[in-house]
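> Each protein sequence line maps, in turn, to chains A and B.
Numbers given in this note's numbering equal positions in the first sequence, counted from 1, plus 436.
Numbers given in this note's numbering equal positions in the second sequence, counted from 1, plus 86.
Honestly, the hints are just simulated from the structure, not real lab data.
Note that CB positions come from ideal geometry on N, CA and C, so glycine has one too.
Mixed in with the good hints there might be a few duds.
No more than 30 Å apart at the CA atoms, straight line, and that leaves these computed lysine-lysine pairs for DSSO-like [as the list claims (entries may be wrong)]:
(1) K673/A x K190/B
(2) K190/B x K676/A
(3) K211/B x K449/A
(4) K638/A x K676/A
(5) K98/B x K365/B
(6) K449/A x K365/B
(7) K211/B x K190/B
(8) K638/A x K673/A
Now the stretches of chain B that chain A is said to cover, found in silico as 3 or more residues with beta-carbon under 8 Å [to be verified]:
(9) 164-173
(10) 289-300
(11) 395-408
Some chain A residues close to chain B (C-beta under 8 Å, calculated; not the full set) [claimed, not checked]:
(12) L452
(13) G497
(14) V519
(15) G521
(16) L555
(17) I683
(18) I685
(19) L692
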Amino acid sequence: MFRLAIANLVQNKTRLLISVGGVALALTLVLFFRAVFDGAEGRLTVYIDRAGADVWVSQEGVRTMHMSESALPASVAEEVRAVPGVEEAVPILYTEGMIEANGSDYIVYLFGVPVGAPLGGPSLVSESAPEPQSGQIVIDHAVASEAGLGLGDQVTALGQQLTIAGLTSGTSSLVSSVSFVSMEDFAAVRGGGDVVSFVLVKIEQGESPAAISSRIAETVPGVTVQTSPEFASQERKLVKDMSADIITIMNTAGYLTGLAVVALTIYIATVGRRREYGVLKAMGVRNSRLYWIVLVQALLTVGIGLLAGLGLTLLLSAVIPSFNELIVLSVSMNSLVRVTAVSAIIACISALLPARQLAGLEPVAIIRRG
Amino acid sequence: MNLALSNLFQDKLRFALSVIGIALAVMLILFLLGLRAGVFRSAVIYLDNAPGSVAVMPQGVKSTSAGSGQFLSPETVDTVSSAPGVDRATPVLAMMAIPELHGKKQAIKLVGYDPAFGGGPWDLKEGREPANDGEVVLDRVLAGRHGFDVGDSFSIAGHELTVVGLSNQTASFAGTLVFARKTFVESVALAPGEASFILVTPAAGTTSAELIAGLRSLPGTNVLLKSQVMENDQQIIAGIFDQVIFLMVAAAFIVGALVVGLVIYTATVERRGEYGILKAIGARNGVLYRVVVSQAAVAASVGVALGIGFAYAAGWLVMSARPQFLVAIEPTAIILTLAAGFVMALAGALVPARAVAGLAPAEVFRR
Chain A
437 MFRLAIANLV QNKTRLLISV GGVALALTLV LFFRAVFDGA EGRLTVYIDR
487 AGADVWVSQE GVRTMHMSES ALPASVAEEV RAVPGVEEAV PILYTEGMIE
537 ANGSDYIVYL FGVPVGAPLG GPSLVSESAP EPQSGQIVID HAVASEAGLG
587 LGDQVTALGQ QLTIAGLTSG TSSLVSSVSF VSMEDFAAVR GGGDVVSFVL
637 VKIEQGESPA AISSRIAETV PGVTVQTSPE FASQERKLVK DMSADIITIM
687 NTAGYLTGLA VVALTIYIAT VGRRREYGVL KAMGVRNSRL YWIVLVQALL
737 TVGIGLLAGL GLTLLLSAVI PSFNELIVLS VSMNSLVRVT AVSAIIACIS
787 ALLPARQLAG LEPVAIIRRG
Chain B
87 MNLALSNLFQ DKLRFALSVI GIALAVMLIL FLLGLRAGVF RSAVIYLDNA
137 PGSVAVMPQG VKSTSAGSGQ FLSPETVDTV SSAPGVDRAT PVLAMMAIPE
187 LHGKKQAIKL VGYDPAFGGG PWDLKEGREP ANDGEVVLDR VLAGRHGFDV
237 GDSFSIAGHE LTVVGLSNQT ASFAGTLVFA RKTFVESVAL APGEASFILV
287 TPAAGTTSAE LIAGLRSLPG TNVLLKSQVM ENDQQIIAGI FDQVIFLMVA
337 AAFIVGALVV GLVIYTATVE RRGEYGILKA IGARNGVLYR VVVSQAAVAA
387 SVGVALGIGF AYAAGWLVMS ARPQFLVAIE PTAIILTLAA GFVMALAGAL
437 VPARAVAGLA PAEVFRR
């Protein structure tokens, strides 16, 4: 029966190709959209992961960096530094702002870090200067490449013309990238007095981040203290909470389209083979066996479509960044498992319609009609 | 045409499935474009409803979409307010915040304004504007989702806030508007007397262009038309959304074309005999192409019409279930989709047309 199902399916190769193509594209829609979000999420915590801090201190109630603003009196850095077990406490300024590079605007997470700070500065600098001095900026390689700029060229950030002194890498996503200026330049244009955004803490050897985190929270008033993994986890939760609805909407649209394509394909394949099914029925084959054939065809169509869709998404993930480095796509196992499970359900639902047709077949009449 | 229709309608269930397939692809295209238009509209809803036609921004700042990290000093606010040709200056201090409401992080844009100068909620559904620090007007949709009513309270950046009013038209996927007194936002942002931007209404007899020319000499500022700032805000959103949306629209378009192709191909192959007879009695390929294209056009037309209906239904459904999403299906998007449907039909008819063209009449009879 399995052979019959395959033979039936592959007999008309053009039809199979069109239907597999339809399923593949519908599932690509789902996989691609998810890959864009997963890619952006992977880059979201890149600064937190690379900053070298064990503990992050922010304004009370501020638990995230993305789309958030934290303002602390600069004196908080000294208060934190005085907490037993703290080795280094580095204040930084942060904003989600814009840089204008060669006539184009780019959203950036802009950090102002004290010159010579042991924490929080640019990492993975792919070229030249390790950290920006006054009048300088370090931007992501992808942004520089997109804008056609390099070291020594000028961009506008914080309303100032700044010279590109270095390039980071691996911090860009569809939404933003990471840039660094000197704390001095940042503070000069921010206004509002002696304010910092976060204090990055390096703990002494042998101390636990959680214990120091609690100790700072007990000692310094008006702050929220989180370990680096906690802070990164809050960032991921933000993206998850914000994107959950839109991902559900897009997934539903993609799955429904896939369902229609598979249902259409299986229905056409089954109805086109009515005569053969009639003969099988006349030979005494039960309806349940015929349903099985239809189900196998549906599963095969969806299976091949899923593989093609995955291949297409992986191809897009490899090709798109070479045209636009700002788009990072990441196909996760979690997304793949979910799409596979839903695809199997789609195949089963698609097999239902022709099953009704098969049940209603009258063998003799069919054969007579030819 | 009769042959095309009878061929197409021969199997009604197949026709229905094909129309649904095309309709879903069309719905997806229209829905994505509607979502994009909705995000664009939401991005500028505050500026669109706020007073003034000129915006004074900090130096180098051209939009309100991202936090600039820069503020206008209290002196600049005073200078703009008393500048010649200014009827009203509305200083606004806006900041993003992510409170956690019922276990879910919620992006809000806290708009600090002074009721004496305007810039607050323009459509108050219930309650009143904030009279003291610590009072806020919450978006009606956000309040509904979290069961907040006038008199309830929640916390932002360690400050307890009481809801004193609910506003309409202020929901947004990327940052729902919450209105507070400017002095309160100043205390949260540690920016006393400062402003993110100033919206300026020209005095009678002064044009916006004249006002901009007059204010341009102010140090540390960037003076633009408010409409230009709105355009810049939308361009930033476009930079984020468009590449993904257009790739998805392209995929949906190809799916639609494949569905048309699959249906018309099957209908054509099933009727090979009839097409062979037509060829044998002298019908030219052009006639047969017309039959194939007519079938594709009919399937695509019905699918597109249904897809437009589906898109409106999906938009309504999404906006009812998740009112923070605005799905704005615009006439230009419909025209674009109609054109896409027509191209889908033509593309879908290519393979079946080739099958018909390759038919050898004698061979058909021999089989």
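> Take the hints in turn and mark each one as holding or not.
Structure-based check of all given hints:
Distance check on the hinted pair: K673/A and K190/B sit about 8 Å apart at the alpha-carbon level, within 30 Å; holds. Pair hint K190/B plus K676/A holds up; C-alpha atoms about 9 Å apart against a cutoff of 30 Å. A distance of roughly 61 Å separates the Cα atoms of K211/B and K449/A; the hinted pair therefore is violated under the 30 Å criterion. At most 30 Å may separate the alpha-carbon atoms for a hinted pair to count; K638/A and K676/A meet this at roughly 29 Å.
Taken as a hint, the K98/B and K365/B pair is honoured in the structure, with Cα atoms around 27 Å apart against an allowance of 30 Å. For the hint pairing K449/A with K365/B, the CA-to-CA distance comes to about 25 Å; that is within 30 Å, so the pair holds. Under the criterion of a C-alpha separation no larger than 30 Å, the hint pairing K211/B with K190/B is consistent with the structure, at around 25 Å. At most 30 Å may separate the alpha-carbon atoms for a hinted pair to count; K638/A and K673/A meet this at roughly 24 Å.
Chain A is given as covering the stretch 164-173 of chain B, and this is violated because 0 residues of the stretch bring a CB closer than 8 Å to a CB of that chain, at least three being needed. Here the stretch 289-300 of chain B counts 0 residues with a CB under 8 Å from a CB of chain A, which misses the bar of 3, and the coverage is violated. Counting residues of the stretch 395-408 of chain B whose CB lies closer than 8 Å to any CB of chain A gives 3, which reaches the minimum of 3, so the coverage claim holds. This hint is violated: L452/A has a C-beta 10 Å from the nearest C-beta of chain B, more than the 8 Å allowed.
The closest approach between the C-beta of G497/A and any C-beta of chain B is roughly 4 Å, which is under the 8 Å cut-off, so the hint is satisfied. For V519/A, the interface hint is violated, since its Cβ never comes within 8 Å of a Cβ in chain B; the closest pair sits about 20 Å apart. This hint is violated: G521/A has a C-beta 24 Å from the nearest C-beta of chain B, more than the 8 Å allowed. Hint status for L555/A: violated, given a least beta-carbon distance of 20 Å to chain B, over 8 Å.
Of the supplied interface hints, the one on I683/A is violated, with its beta-carbon coming no nearer than about 12 Å to a beta-carbon of chain B, more than 8 Å. With a cut of 8 Å, the hint placing I685/A at the interface with chain B holds, because the nearest CB-to-CB distance is about 6 Å. Of the supplied interface hints, the one on L692/A holds, with its beta-carbon coming within about 5 Å of a beta-carbon of chain B, less than 8 Å.
When the structure is compared with the earlier hints, violations turn up for hints 3, 9, 10, 12, 14, 15, 16, 17 and for no others.
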